[in-house]
Amino acid sequence: MKICVLVKEVPDAAVEKRMDPNSKRLDRSGEKNLNPFDTHAIEAAMQIREGGAVDVDEIVAVTMGPESAFRALHKAVSLGADRSVHLTDDALAGSDVCATGYALARVLESESPDLVLLGQQSDDGECYTIGAVVADHLKMPSLTQVIKIDVEGGKLRCERQAEYGYDTVDVEMPAVISVGDAINEPRYPSLKAIMGAKKKQLDTKSAGDVGIEGDRVGEQGSRTSVLAVNPPAQKEAGEIIEDEDTNETVEKIVSWLEERKLLA
Amino acid sequence: MSTAPVEFPPPVDSAKEFVGPPVDPEDERIEVGVVIVGGGPAGLACAIRLTQLLAEDEALMESLGEVPVALVEKGKTTGSHLLSGAMMNPSAMQKLFPDVPEDDWPTFGTVDTDAVYLLPNGKRAIPLKPTPPPFRNHGNHVVSVAQLGRWLGEKAEEAGVYVLAETAAAKLLVDDGRVVGVRSGDKGRGRDGEELSNFEPGSDLIAKATVLCEGTQGHLTGAAIRHFEIGSEDPQQWELGVKEVWEVEKPLDRVIHTMGWPLRFAAKYREFGGSFIYPMGEDRISMGLVVGLDYRDARFSVHDALQELKSHPLVADLIEGGKRVGWGAKTLPSGGYWARPTQLWAPGMAICGDGAGMVNVPTLKGVHYAMHAGMFAAESIYERLKAGGSCDDLSNYAAKVEDSEIEQDQYRSRNMRQPFAKGFFVGGAVANMMEISGGRFPPGRWATHDDATVDVFIGPERDYPKPDGKKYFDKLSSVFASGNATRDDAPNHIRIQEKVPLEVALMWQNMCPAQVYEVPEEELDGNGNAEVNVQITPSNCIQCGAITAKGGRLTPPEGGDGPNYQAT
Amino acid sequence: MSILVYALHYEGEFNKNSLGAVSEGAKLAKELGGECAAVVVGDGDDLSDDLCSSLGKYGATKVFRARAPEGLAQPVVDVMAKVIQENGFKYALFGGGLLGFEIGAGLTARLNAGVTMEVTAVKAQDGGLVAERPILQDSAVVDVGYVGEPGIIIGRLNAFDIAEGGEGSAEVVDVDVQLEEHSTKAVMVQRGEQRGADVNIEDAEILVAGGRGLGKAEGFELAEALAEALGGAVAATRAVVDAGWYPYAAQIGQTGKTVAPKLYLAAGISGAIQHKVGMQNSENIVAINKDPNAPIFEFSDLGVVGDLNKILPKLTDAVKAKKG
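Top to bottom, those sequences are chains A, B and C.
Sequence positions in the first sequence follow my numbering and run 172 to 435.
Sequence positions in the second sequence follow my numbering and run 1164 to 1731.
Sequence positions in the third sequence follow my numbering and run 1200 to 1523.
Among the hints, erroneous ones may be present.
Said to hold, decoys possible - A short, non-exhaustive set of chain A residues, derived as facing chain C with CB atoms under 7 Å:
| hint | residue |
| --- | --- |
| 1 | Val225 |
| 2 | Gly272 |
| 3 | Glu280 |
| 4 | Val342 |
| 5 | Val397 |
| 6 | Ile412 |
| 7 | Glu413 |
| 8 | Val421 |
Hints were generated in silico from the structure; no laboratory data involved.
C-beta atoms are modelled at their ideal positions from N, C-alpha and C, and glycine is treated no differently.
All chains, please: the whole structure from these sequences, using the hints.
Dropping the structure here:
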């Protein structure tokens, strides 16, 4: 079985994230790192391989990103992926969710995976759903926010917390599963693995190499456009009560809560 | 009861714990050509210089195997743990990158104007003209070492160096009297050192030569100096620098240094140091306060004194309408010439940079010395490897250092710091004499003293400015601004005695810029002679090293922990 | 027909976020001069005509009903794609919640449509809709416009208010849909399992959080009592977890959990930034602290300066009395 893990290079948590007011895109000039949620996806792939319920021939890390994204791939390989694929092309810059999902589906198709794993969200995009977009293109079943995966009888028994409680769902492969950070504790790479990562196979692909149509990606091919970037709504200054008569104070608190329907 | 921290030594024996033979079975050890510990200016200059030399020598490069040069760095990346003023002398960059024009350096260029002020109080500023020689910075570049580290790291990787970030060097591997490499730190241990579910043990990195470029309070450096008994009779001394980076409305057109307020002049306080304010391009400034750690008042806090400094009109004017965008702290070795190790090498090992005390205190310079030393180490190792021999005798490295400006400059100011133990005015007078006489006066050897031997008293409560989150900041929000997001269950990497006199506990509490040490409220009312329990929050630690100078011991935390400085 | 809203139901009741979305959809459709319809998908008897047409109360004029497996997104993608294409809807709108996100995303691919998620507000502008959403950990807000049709809008939890502004009942139309093969490959084994005692604090709507101001480990009894009265869970700061007063699973902050409940009541918490970043997006923040200079008062909605040992017990009693 082949597992593809979709990973993303995102700005490091310590870097102040900001939008470039001119391009209205995320300023990616600072330090970058492998999206923390993706480490859980790689770990999930490793645990499926080590679990022994199914034979995993290959774990391939796949990313779509600028030149620098190869670092995210090296990290993914040091965590256990066997090789990686870097989809990079100027034509892809500025792609929105729709365009990105399409592009990722095309590059994944070229790998014909049995299972696609990814982290449930990225620190920068915060859209939580790229897996579902990709799955529809690939015509595969998909679940997001999965916090437990067991391979049983060739199917994936997945658990996730949905609107009404915990759901258990059986998913047939090939499938696309986005995992939550509660699913596992990612391992640390060994020094050997980190040093060996540079030597593992890394294939660079352009949009044309995987059949991506230019008019469906990039800023031009996106189906949404950012019209304005504004500072967040200013919170109104709160009310302050100085407690003198505690009974009175408590009454005030209770009516404040009631007003806001918090005592329902 | 004595209140000198040295009476309460930390529970650690570094030579025993951190020096030893390789642990892994032979076939699991990782073999590299040369291993460099520390991705700062020294380590990166060493790595780059080595690859430059090896590039001209294919045969030798091949003989070093798959990984000719490896560099381990405990921060998230090279630069994450780097902090300095800094005004960098260009000579080292010129030597390392002769073909890169100065305009392309990752610096903020040179500044033509210098200004030095003596602050007698919180309102006035007396300009000292002409600028005293140590403070003249013509031709020097303003640089953020955090940025320099990243730039040099990229250059190193491009040249083929294996830069292993998030990797601490926990143990020095010594076999039969020779240094044979280092052991990387474990990952995935819990608060009490227990193995967590994702525990990953460190690995032995075996190398023909090991270069220690750990910077201030180097962990393996300290252990190596004790093990090989190459420490100076004169103990090293340290200063603690706390700095902030500000976005400002008006560009600053000069390099400023101040002395005096808010530090107190009287000998009984022993507050030696001063501040620096450097322009970083048009829209930012770097400002910091550097104070010797042999001060005596337990209530003194460098971080808070820096906040106080901002209330002085000279500084307040510069940051008016601005915004703080960075903060950090780090110690620097100030013992100078006499406090350097007696020998800068041991079989298979060389020590470079701050770890070897290569800092010129009066001029506040060390970045270029570190880089020069790194290059000398690279050249010396190359010479030995080329001659087909081992690196057991790296006396050629020591010779290069002795022949260089590092030696000359440090010798010249060899007795400059020590007189300040007698207070600012005596110290100032002596320092001036030294400067004017070109180092000939005062003669002899003024002994340094161990900062931890200074006994501490509790002075009156200080009136530091109240944090407001805009101009004055508290320690916790500053730790946040340093990029520190260390996990709470990280193993405790700080060794101290937890039951000490109130004086010592209070001193630690105020000294630490990251609020790691706290005296619990109930114990603050205790009688001055009682012993109190110190509460520690190790995950706040930004690894400045101050605790090691004052009775504790900082050991490297898990690789990747600590601050992630961007522009310090 | 302008806006199609997905209405999630479970055991005979519509999800609150869906009702909010229908209300919002109706409001926006009016501004666009069009109409708002809803779509419901399920395989149980509870999807009666009465239940479906009740969406008219919230402003839907029509309700498309399809029979397909519940609790999974992909069958709904098949249904909505068909309904949107056959009826020419310009926008698909979802209230907050996992399924809405997944369905909206699937439609994005199916219909090559633009999508915005975590939307906090929608406005009519120049004959179309513009969605507002926070980005980069709420450090900025962007206005997003759509290129072509349809546009997909997925709301953040609790973004849209429920408003009964409709006239009577909506027309119920049954839709026949042939599911795609891949939509049948995920099968629900068990839905909506309650996992009792271990309330996941990230999902709690009300949190009572305790800090050092509680004084000692036993101080948490006050917090627990209040939480119980309010029907919420208990959280803690790093300082008290470090001190061993409460378990790490309850820690909020930079190195703990991030939450955004409807009510965050902070007792004895100073509000250091390491803690703030873990709860600053809570809808309503109430802080009780004896130090009037505590930073938490700078971002709380209601601040009470006083002794929590006096206030918490009385507050607990008063809340119990109110709730009856």
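Worksheet item: Looking back at the numbered hints, which does the structure fail to meet, lowest number first?
Response: 1 and 3
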